[in-house]
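Engineer: Just so you know, the sequences run in chain order A and B.
Residue numbering for the first sequence is 87 to 458, as defined by the numbering used here.
Residue numbering for the second sequence is 58 to 342, as defined by the numbering used here.
Treat the hints loosely; a few may be bogus.
Taking lysine-lysine pairs in the DSSO-like style, the calculated list, with each CA pair at most 30 Å apart, reads [unchecked claim]:
hint, chain 1, residue 1, chain 2, residue 2
1, B, Lys198, A, Lys216
2, B, Lys166, A, Lys197
3, A, Lys281, A, Lys253
Computed spacing ranges between beta-carbons, pair by pair [unchecked claim]:
hint, chain 1, residue 1, chain 2, residue 2, range
4, B, Leu153, A, Ser124, 48 to 58 Å
5, A, Ala198, B, Leu153, 38 to 48 Å
6, B, Asp230, A, Arg404, 32 to 42 Å
7, A, Glu355, B, Lys166, 51 to 61 Å
8, A, Leu260, B, Asp230, 52 to 62 Å
9, B, Lys166, A, Asp279, 45 to 55 Å
10, B, Thr146, A, Asp279, 53 to 63 Å
11, A, Asn222, B, Thr318, 46 to 56 Å
12, B, Trp210, A, Gln278, 30 to 40 Å
13, A, His190, B, Lys166, 30 to 40 Å
14, A, Pro123, B, Val188, 53 to 63 Å
15, B, Pro157, A, Ala252, 39 to 49 Å
16, A, Asp157, B, Thr320, 40 to 50 Å
Calculated from the model, a selection of chain A residues having no Cβ within reach of chain B, i.e. all distances over 10 Å [what the hints assert, rightly or not]:
hint, residue
17, Asn94
18, Glu116
19, Ala136
20, Pro185
21, Gly236
In case anyone wonders, no lab produced these hints; they're calculated from the structure.
Backbone N, C-alpha and C define an ideal beta-carbon position, used for all residues, glycine too.
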Amino acid sequence: MASLELKNVVKRYKSQTVLDNLSLSVADGETLVLFGPSGAGKTVLLRMVAGVIDPDEGKILIGGEDMTDVDAEFRGVGMAFQNFALFPHMSAFDNIATPLQARHSSQGAIKAGVESVAKLLKIDHVLSHKPRALSNGQKQRTALARALVGSPPILLLDDPLRNVDAKLRFEMRLELPRLLHDRGATVVYVTQDYKEAMALGNRIAVMSQGVIRQLGTPEQIYREPANVEIARLFGDPTINLLDVKPARDAKGIYVGLSNVQVHLAGAYEAAVGRDCVIGLRPEALSFVGEATPGAVPVTVEAETPLNEKIVTLVRTVRGREILVSRPAGTPGQTEGKAHVAVDGKSALLFDHASGERIGANKVVTLRSGEAA
Amino acid sequence: MEHTSLLERILRGAALTLVVIFFMFPIAWIFMMSFQTNETILRIPPQLIFEPTLANYTALITGKLVTAAGTLDIAFMRNLWNSVFLSVTSVAVSLLLGVPAAYAFARHKFRGSEDIAFTLLSFRFAPALLVLLPLTLYFQKLGLANTYIGLIWVYQLICLPLILWIVRGYFEDIPADIEYAYRIGGHSWFATFRKIALPLAGPGIAAAGLLAFIFAWNNFVFALVLASADKQPVTVGALAFITSSGIQYGQISAAIVLSITPTLALALYAQRYLVEGLSLGAVKG
């Protein structure tokens, strides 16, 4: 088992900087999710750790050992590719067996190793098939089995669920965390799906434009996003963002929503009088009676039941649209006039110009000064 | 099945027959001529009905050409052997040199790699006769003129660029991720080349080899200048049939039939193999 550390890694392609002085450390046995839009540099970062792309500057340490100039075959990592990258001319068995063959394991050991990992991933019945005869899900599991079979101390998974159907993705999202935990490997997992990131990561690194914008636990990223962009990326339905200008009265700091004063809980002195954006998670809003203090009058526009929750689109007096989410089976307004209460404690406040979160309590950020 | 009217089918059949006759006619005619004597070939008008004779083939195989002017020794079987030897060896050498080079050009973009690759291709642009004069002088100095080694060397001008450029394309078509996956699995770059790149580019290498073989087989001018009788391939050897007592059409036809047989057989065999493995279906979902 081994830890992983990247120190001031830079990668440029021609004039474009793909990774900009990036540092990151992943503890032994930890699962770190690299999350971000395409082109953020996630895959380049992963390949750099694998040793198939060389950094222009910086160091890569695996288990404390400098691996920057070590060839891929000596790094002892396992990797699963987004496009599976199976060897088309070999059977699933031979595909999975390749890392063991490289170590000159005995035939018996290879057979036992392949079969146990195949059983784990439920592909033991298709081992004799060529990749072309496998379904997408089986291909994906074969690719995963090939990465796992040698029990590498570092496991790199490049969006392995990207090319599989929704049902399988859901299944794997449940299966993978236990699988990875049982292996005890240090895992770097790349994804563009925030649910996958939340489900799998001990920590999440949110990347964009070759820089890590925020690094934290899934909880931290969700509750205390470093900026508007990250708040928008995490959460379904998307966070409500409204332009506000916080003010102060005797009871504290408040924002005006449809002429109703909503008081915020938190240290927001710095925000008073500034142009801000308030972020309200749909689940932080709830339908209440008219008499409730701080209730904002709205009109219900549409209601969408999503199995475990119901999402309602409402319009404020000023014409701004807001999403309200509530667990299925709980009472709520389905049409006409309604009132919505705002949970002032979970509201997030961002600077309008920079998009940075204001009143940062304990936000963990790296290079937060240059957010989008 | 699609629905076609009877008329459409008849017309289509007629059109196909026409095309087949048009393309097959020269070969069929040569095949027929190879079983005729010079007298029946030169009869006017030409006749489709004739008494077949194996005299042409016996003459070629025994090496004794009986003409009106007397018996002539011809080294056709020797020429045929030369063709086989020169073509096979040249293609083998080209594959040995060209395939690794193609891999290098496909996978490693180094300074000047494009220029070197293009220079190699430009060998194909140079008019052969222009190259031949200085080459002949050099070869005579070096003692390479009229040797198999010299000829095989010159044949690299034909085979190597062809193999290099075709195979390079096939290597470039293999997704780099597949090779990365093998290396990350713990294999050296050489093992990756042998176990992944070579098998996956196999059909391309076979196609390039076949093409190079045909080009080498059909080469005329290099061998004409650089080889004397005992090293000449069939293309040059066929000149012997233009004798003082006239052109021996029957023997020429028989010689053509014999000399296209190996390439034809190879092409037919390789075609099956080419179609078989051309799909890389397992790469993308």
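Engineer: Taking 40 to 50 Å as the stated bounds, is the beta-carbon spacing between A/Asp157 and B/Thr320 within them?
Structural biologist: 44 Å, holds
Engineer: Given a hinted range of 30 to 40 Å, is it respected by the beta-carbon distance of B/Trp210 and A/Gln278?
Structural biologist: 56 Å, violated
Engineer: Could you tell me whether the CB distance from A/Asn222 to B/Thr318 stays inside 46 to 56 Å?
Structural biologist: 48 Å, holds
Engineer: Would you say the C-beta atoms of A/Pro123 and B/Val188 sit inside 53 to 63 Å of each other?
Structural biologist: Because 56 Å falls inside the window, the suggested range holds.
Engineer: Would you mind confirming whether the straight-line C-alpha gap from B/Lys198 to A/Lys216 stays at or under 30 Å?
Structural biologist: With Cα atoms ~57 Å apart, B/Lys198 and A/Lys216 exceed 30 Å; violated.
Engineer: Is it true that the CA of B/Lys166 sits at most 30 Å from the CA of A/Lys197?
Structural biologist: This hinted pair is violated, its Cα atoms lying about 39 Å apart.
Engineer: Is the straight-line distance between the alpha-carbon of A/Lys281 and that of A/Lys253 30 Å or less?
Structural biologist: Holds, because 14 Å separates the two Cα atoms, which is no more than 30 Å.
Engineer: Should the hint that A/Leu260 and B/Asp230 are 52 to 62 Å apart at their CB atoms be regarded as holding?
Structural biologist: 37 Å, violated
Engineer: So is A/Ala136 really clear of chain B, every C-beta pair being over 10 Å apart?
Structural biologist: 5 Å, violated
Engineer: Confirm or reject the claim that B/Leu153 and A/Ser124 have a C-beta distance inside 48 to 58 Å.
Structural biologist: Cβ of B/Leu153 to Cβ of A/Ser124: about 42 Å, so the range 48 to 58 Å is violated.
Engineer: Should the hint that A/Ala198 and B/Leu153 are 38 to 48 Å apart at their CB atoms be regarded as holding?
Structural biologist: 40 Å, holds
Engineer: Should the label of A/Gly236 as a non-interface residue stand, given a Cβ cut-off of 10 Å to chain B?
Structural biologist: With a cut-off of 10 Å, A/Gly236 comes too close to chain B, as the shortest Cβ separation is near 7 Å.
Checked against the numbered hints given earlier, this structure breaks hints 1, 2, 4, 6, 8, 9, 12, 19, 20 and 21; the rest are met.
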